[in-house]
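S.K.: Spelled out from the first residue to the last, the chains are:
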Amino acid sequence: MGIRERGYAHWEGSLQESRFSWWPITRQGINLAFQQRFFKLFFFLALFPALFFIVGIYVSERLEDFRHMIRGPAGFLEVNPSYFKAYFTNDFFLFMLVMVVVFAGAGLISDDLRHNALQLYFSRPLKKSDYLLGKATVLVFFLSLLTFLPGILFILIKIIFSGSFKFLRNYPSLIGSVLGFSTLLTTFFSFYALFLSSVGKNRRYSGIFIFSLYFFPDVLFGVLYSIFRNPYLSLLSIKANLQQIGAYIFTQKAPYPISCFYSLLIILAILFSSAIALGKRIRGVEVVK
Amino acid sequence: MSIQVQNLHFSYGKVKALDGIEVNLPQGAIGLLGPNGAGKSTLIRILLGFLTPDRGEGKVLGYDIRTQQRMIRRYVGYMPEDDCFIPGIDAVSFISYLGELSGMPRKEAIKRAHEVLFYVGLEEERYRKLETYSGGMKQRLKLAQAIQHDPRLLFLDEPTSGLDPQGRREILELILDIASKKDIQVLISSHILPDIEATCSYVVILDKGRVVAEGKLSDLKQIDYSLYEVKVKGDTSGFQEKLKLMGCKIEFREDGLWRIFLPPEVDPQIIFKISAEEKIQIRHFVKSQTSLEDLFTRVVGVD
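Line by line, the protein sequences are chains A and B.
Residues in the first sequence are numbered from 1 upward in steps of one, following our numbering.
Residues in the second sequence are numbered from 1001 upward in steps of one, following our numbering.
Just so you know, the hints here were simulated from the structure itself, not pulled from any lab data.
Mixed in with the good hints there might be a few duds.
Below, computed lysine to aspartate or glutamate pairings styled on DMTMM-like, alpha-carbon distance capped at 25 Å [as the list claims (entries may be wrong)]:
(1) LYS1111(B) / GLU17(A)
(2) LYS1244(B) / GLU1293(B)
(3) LYS201(A) / ASP1083(B)
(4) LYS280(A) / ASP1082(B)
(5) LYS1287(B) / ASP1267(B)
(6) LYS127(A) / GLU1057(B)
(7) LYS40(A) / GLU1131(B)
(8) LYS128(A) / ASP1083(B)
(9) LYS280(A) / GLU1081(B)
(10) LYS128(A) / ASP1064(B)
(11) LYS128(A) / ASP1054(B)
(12) LYS1129(B) / ASP111(A)
(13) LYS1279(B) / ASP1235(B)
(14) LYS1249(B) / GLU1265(B)
(15) LYS201(A) / ASP1267(B)
(16) LYS127(A) / GLU1254(B)
(17) LYS40(A) / ASP1090(B)
(18) LYS127(A) / ASP1083(B)
(19) LYS1242(B) / GLU1254(B)
(20) LYS1129(B) / ASP1083(B)
Because the structure is a prediction, the values reported are computed rather than measured.
The following block holds chain A by itself, in its conformation from the complex (with noise of 0.2 Å):
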């Protein structure tokens, strides 16, 4: 059919004015995650450990069923906040958790500023906070997959499992700590990746920002702290700093004899400087000063 045999038709619909505009932002950023392939194998691999600890509960409920599979003390399948520190600090976990924000969160986007597709965007009645918010919520919804809901999986397992809520009324800070902590890695590394999307116009380098600015201070913080056993020398990773945290919020020990405060501060640091740099960031047009 020729292009102007239909002739231009007006849409008889009306505008609706939405407070969730940016859902369709957030909507379309799962969908396209979902179409790469080392995506899906990461997060597969990141729900592992959640299976794990589930598996764990289970059997600290059976205990006396599994006891002859198990070795010397059963300690450490005993459910209690130490239980849940385990999940949320391992190295395992923190690691998977930037593998899937590199694979979700690296294009997010540097491929808008790669294609110019911002303009695009900015030229809808969107706010800037709309768009981040959008993009912001694409990897909350994936890090929440991850934390919040393992988290409370195993509260809700645990309680069923004992049949009563003698686990909660032993523990009732858990709740706040789970949503505490899950809040805080969710938080930062949606802030952490976004802003790194947002550096450059290609999403391989931004993922190997991601990866890279969280894992070589960690293995400089493994070097340094082999040499000069000073813990203070953890502030330097990431991975040390969150986990100083974990271990505060779930009122364990810390694994180095400093205060979490000074974790904290640097992890608010890094998140806030990341907003802000984020905001900075994205405009509406590249604008040459």
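Please build the complex by placing chain B on the supplied structure of chain A, with the hints as guidance.
M.R.: What follows is chain B alone, placed relative to chain A:
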């Protein structure tokens, strides 16, 4: 008046992009003309609220450009100059997604996406990933996303750039068709004069951030100067000088034809008088029609 701007100033650092722009644009198809760097795109970006003017006021569709940008964007469609798309999705998803962001309900946005893709001639390619599109297809896609939410005002920034003659003709046909709807106003920014002549009834010419001419195309083409095409033989240096002293402008064409623009107060007979004084022969003398190009040449001073 759908676009009103008063004393608009904008600078990129020390470079003045807009220097006291004043325009009141009526309904219909409007051409925004000017050489590269004249401030056309900057003006559109300010009207859309992408950039905040240093000074000045303006209204688009009655909404203030400083405080009501979201309302403006709700009713305006924008086709940017640069290639822009979202990779990894097909055209239907892309267009419906942007429709949703404009405030269309999802189902309506998907239905309308099919319609506009049919309209711009991308019906066969609507399920292809956007990164596989050719330059011409991307240009149509940009037009499709601009009309998806049925805007009341359409900003088209260099809509035919990078197109082959066939693609250019088709895009101009579409623009003409859209502009023929009395309730959609189209503002086309371009430095391609024939595109503006083919589609617009009203023209604003910008140069170095200022409005150098504005008005109905038919009126502007009746520029004060009368145009004569002349071929001469002999030593022409004195002839040229005397004509210039009379306030005439001369444009030399490659085929040896001179295009002489005479101010209204100058009698065309003067050409013959001067040629007699300078002892040169006039081999060809025709009164010609002035075009938009002539107007552009006169006000902007470039060919």
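S.K.: With reference to the structure, classify each hint as holding or not holding.
M.R.: Evaluation of the provided hints:
Taken as a hint, the LYS1111(B) and GLU17(A) pair is honoured in the structure, with Cα atoms around 19 Å apart against an allowance of 25 Å. Taken as a hint, the LYS1244(B) and GLU1293(B) pair is honoured in the structure, with Cα atoms around 20 Å apart against an allowance of 25 Å. Between the alpha carbons of LYS201(A) and ASP1083(B) the distance comes to roughly 15 Å, so the proposed pair stays at or under 25 Å and holds. Our distance criterion of 25 Å between C-alpha atoms is met by LYS280(A) and ASP1082(B), whose separation comes to about 22 Å.
For the suggested pair LYS1287(B) and ASP1267(B), the alpha carbons sit about 13 Å apart, so the restraint of at most 25 Å is met. Taken as a hint, the LYS127(A) and GLU1057(B) pair is honoured in the structure, with Cα atoms around 21 Å apart against an allowance of 25 Å. Of the supplied pair hints, the one linking LYS40(A) and GLU1131(B) holds, its CA atoms being roughly 22 Å apart against a limit of 25 Å. With a CA separation close to 21 Å, the supplied pair LYS128(A) and ASP1083(B) stays within the 25 Å bound.
In summary, the hint linking LYS280(A) to GLU1081(B) is supported, as the alpha carbons are separated by about 24 Å, within the 25 Å threshold. Taking the CA atoms of LYS128(A) and ASP1064(B), the gap is near 19 Å; set against the 25 Å cutoff, the hint holds. A distance of roughly 21 Å separates the Cα atoms of LYS128(A) and ASP1054(B); the hinted pair therefore holds under the 25 Å criterion. Distance restraint check for LYS1129(B) and ASP111(A): the Cα-Cα separation of roughly 15 Å lies within the 25 Å cut-off, and the hinted pair is therefore satisfied.
At most 25 Å may separate the alpha-carbon atoms for a hinted pair to count; LYS1279(B) and ASP1235(B) meet this at roughly 8 Å. Between LYS1249(B) and GLU1265(B) the CA atoms are separated by roughly 14 Å; this keeps the pair inside 25 Å, and the hint holds. For the proposed pair LYS201(A) and ASP1267(B), the alpha carbon gap of about 62 Å is over 25 Å, so the pair is violated. Under the criterion of a C-alpha separation no larger than 25 Å, the hint pairing LYS127(A) with GLU1254(B) is inconsistent with the structure, at around 53 Å.
Distance restraint check for LYS40(A) and ASP1090(B): the Cα-Cα separation of roughly 21 Å lies within the 25 Å cut-off, and the hinted pair is therefore satisfied. With a C-alpha separation of about 22 Å, the suggested pair LYS127(A) and ASP1083(B) falls inside the 25 Å cut-off, and the hint holds. At roughly 22 Å between alpha-carbon atoms, LYS1242(B) and GLU1254(B) fall within 25 Å of each other, so this suggested pair holds. Using a Cα cut-off of 25 Å, the hinted pair LYS1129(B) and ASP1083(B) holds, with the two alpha carbons roughly 15 Å apart.
The structure is inconsistent with the numbered hints 15, 16, although it conforms to all the rest.
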